[in-house]
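Enquirer: Protein sequences, first through last, are from chains A and B. Oh and the first sequence: position 272 is 1192 in our numbering, straight run, nothing missing. Oh and the second sequence: position 220 is 1140 in our numbering, straight run, nothing missing.
You may find that some hints are simply not true.
As the list makes no split between identical chains, a pair holds if one copy fits it or if it spans any two.
Claimed, not checked - Straight-line distance between alpha carbons at most 35 Å, and here's what the computed DSBU-like set of lysine-lysine pairs gives:
#1 Lys1319 / Lys1152
#2 Lys1213 / Lys1330
#3 Lys1213 / Lys1004
#4 Lys1171 / Lys960
#5 Lys1169 / Lys960
#6 Lys1331 / Lys924
None of these hints come from the bench; they were simulated from the model. Just so you know, these numbers come straight off a predicted model, no measurement behind them.
There are 2 protein chains.
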Amino acid sequence: MTTKLRGACLIGQSGGPTSVINASALGCIEAALAEDCITKVYGAAHGIKGVLDDRLYDMTLEDPAELALMKYTPSSVLGTCRYKLADFLVDDTDYRRILDIFTKYDVRYFFYNGGNDSMDTCSKISSFLQLNNYECQVIGIPKTIDNDLAGTDHCPGYGSAAKYIATTCMEIYRDAKVYGTGSITVLEIMGRNAGWLTAASALATHKGMGPDLVYLPEVPFDLADFITDITKVYEAEGDVLVAVSEGLKDKNGTYISTYFSDLAKDTDAFGHARMGGLAGSLAHFASTKLPAKVRGIEFGLIQRCAAHVGSSTDIEEAYLAGKAALEAAVQGFTDKMVAFKRAPGPVYKCNTILIDLIEVANVEKKVPLEWINAAGNGLLQPFIDYALPLIQGETELPKEDGLPRFASLKKIVATK
Amino acid sequence: MTTKLRGACLIGQSGGPTSVINASALGCIEAALAEDCITKVYGAAHGIKGVLDDRLYDMTLEDPAELALMKYTPSSVLGTCRYKLADFLVDDTDYRRILDIFTKYDVRYFFYNGGNDSMDTCSKISSFLQLNNYECQVIGIPKTIDNDLAGTDHCPGYGSAAKYIATTCMEIYRDAKVYGTGSITVLEIMGRNAGWLTAASALATHKGMGPDLVYLPEVPFDLADFITDITKVYEAEGDVLVAVSEGLKDKNGTYISTYFSDLAKDTDAFGHARMGGLAGSLAHFASTKLPAKVRGIEFGLIQRCAAHVGSSTDIEEAYLAGKAALEAAVQGFTDKMVAFKRAPGPVYKCNTILIDLIEVANVEKKVPLEWINAAGNGLLQPFIDYALPLIQGETELPKEDGLPRFASLKKIVATK
């Protein structure tokens, strides 16, 4: 394509927070601000909902130094949403509204930063615009701590979440194994269908201070085997540290967490209900089989927004993905998602490539079974080799008064 | 005292982990290794239990470079215990054993690093030794994330835990307020009787990204007032972030957590029991009054061992406290605890002082009521002025493969 399309650029953030979603937005925004053919740079308030609500922020009015802090600021600076568009053959109301807003602001470049649902949104919008002869370059930017997008070596957001999980597992290991009086600590980590995040706990084990046992949703979970496994560690070491994915299922596909609803009434000496989620349930179940002090810990929200322990590899790659999206769009590409391809050789390096949105939409990539040990309770070296490069380097998040200095944007709503 | 007492030195670690308990041990051990009158330096395996078990580690056999990493390593490197000695007038079995072991290893300097229970242990051992004409200098080194020791401006361990809590509150604030669809997030923070840790969440509020409401155990908690408070924020802002201390009680002294034991059976769509601890209970209760998405998050163990976000002020002061303990003992002081006294003036500076063990044993210092607002749901500027200096500076914890490089000691058991 020889002539660059001229018009405004719009970026939206979608789905759950990560530590680096704003680094991607910044990469895209800074490249857009420097590009002659782009007349305006907008950010959608709460993703596609901001388009439907005619609520776009004018990013050209932001202070560049404050914008630059987005690189280290977790969660979506522009706001996010979980909004699934209907099939436009069934109901095109939202699509017509999107077309109106795009026309109103002359949006010719649209970037959507999210997971597989967001790539589906991207793909549908692009198809509708094409059918209505509205010229617009649509590029997806990957983002998910779950690391489950197809067609890419890994996803921006995963490295930082994995670094947080591995770091925290090492610290909890030091805490949980310190009394020497016999204990079972179960850590519950996010990931309903894919075990990438839970697997990251094995990076701590690789450093000699991590879970003794790691259970991923890729392998059917069996309660009897679990008790056998922890008994073995308990008898050998006294203290047991276990990491489980929230999404563990048995061989019939039943979530293990649903086994325990009738146990939930039990309370400890302090009046706390013992059962939180799966971690608490499994810990309590273990206590009925072994004379150990038990404890369940849910990593919760913090694992997806702990920017203070972000991976600089992840941050830089996230920025690069946003920049590459803008460059690809200006070069005339559309209906693509930016993806990472690992270069061969002993030194880690990932390059960006473009893949078709439709390849990514609604597909989930899981941890390869050959990276999991035969007993289904630990990770093998190929996983370590895969994941370790992704957590390298420390964030340069600036501090003020000993606390993070996150971006604080003006977010002035555009009018037209 | 003109002649320095000659003999071995023994240090023990006791009670719950902190990020900096090993920094104090290191301060004491390094000063002891450099002191002529100290013939041997021992570490007790699992605190006083290691003495009773005749299990002392010979610290002179450790590699100094590895020892130095203790400064940044969380939880007790030597192991810890929760062991309360009987009154020796009732049962002196343990005391006679301690005297035997001290005699066997010629222990003339004993340091115990812990909270108010540990200071009680220290004080009792010292009295028994004196009654039996065994010359030994006994000094306590303060340690507790709870910050509830009397006679000291603050306790080593609190600054790092406070920094973790404030940092994480800022990150969760960014996560919890990102959908804009109306939500109530309740954070449960440690502290059964004193609200220092929960109050630390107000440091995040001070930076504009923290809990809207903070409830400490110092103020009787009222469920109806709580609902009024959150409704006000919900109506004004849509998303509500609340921090509560695990130890909240009503005006009759009943733990609020005990109100909810019958709700614990309720499960969410994923089969998770909704009720974890107090956070989950209060969040669920709020959902019966307001049409909001609710979420309870327990900070759990991580808040006491998150060395990766340690405060360098706390780390250096913890080291200093250990060093000051050794120096005081060698100078002939006994039955004392090292404490901090804040120097007057606008620039923060704390000096070490010595206070009587008996002043500290079994006393709990709480957050002054005049630092809490009239509504009992927030902290005032005097608390910020008190706490902010304690979280300043970043840890120099070394990294290896992108993960913490914690100390790994040989811990060779001494024989005699």
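Enquirer: 35 Å Cα cut-off: does Lys1319 pair with Lys1152 within a copy, between copies, both or neither?
Expert: Between copies only: 32 Å across, 45 Å inside.
Enquirer: Classify it for me, Lys1169 with Lys960: is the Cα-Cα distance of at most 35 Å met within a copy, between copies, both or neither?
Expert: neither (48 Å within a copy, 55 Å between copies)
Enquirer: Between the shortest in-copy and the shortest cross-copy C-alpha distance, which are at most 35 Å for Lys1171 and Lys960: within, between, both, or neither?
Expert: Neither. Shortest intra-copy (53 Å) and inter-copy (59 Å) distances fail the 35 Å Cα cut-off.
Enquirer: Is it within a copy, between copies, both, or neither that the alpha carbon of Lys1331 lies no farther than 35 Å from that of Lys924?
Expert: Within. Shortest intra-copy distance 28 Å satisfies the 35 Å Cα cut-off; inter-copy 68 Å does not.
Enquirer: Indicate which option fits the pair Lys1213, Lys1004 if close means a Cα-Cα distance not exceeding 35 Å: within, between, both or neither.
Expert: between (44 Å within a copy, 19 Å between copies)
Enquirer: Classify it for me, Lys1213 with Lys1330: is the Cα-Cα distance of at most 35 Å met within a copy, between copies, both or neither?
Expert: Only across copies: Lys1213 and Lys1330 sit 27 Å apart there, 50 Å inside one copy, limit 35 Å.
The structure fails hints 4, 5 (numbered hints given earlier, in ascending order).
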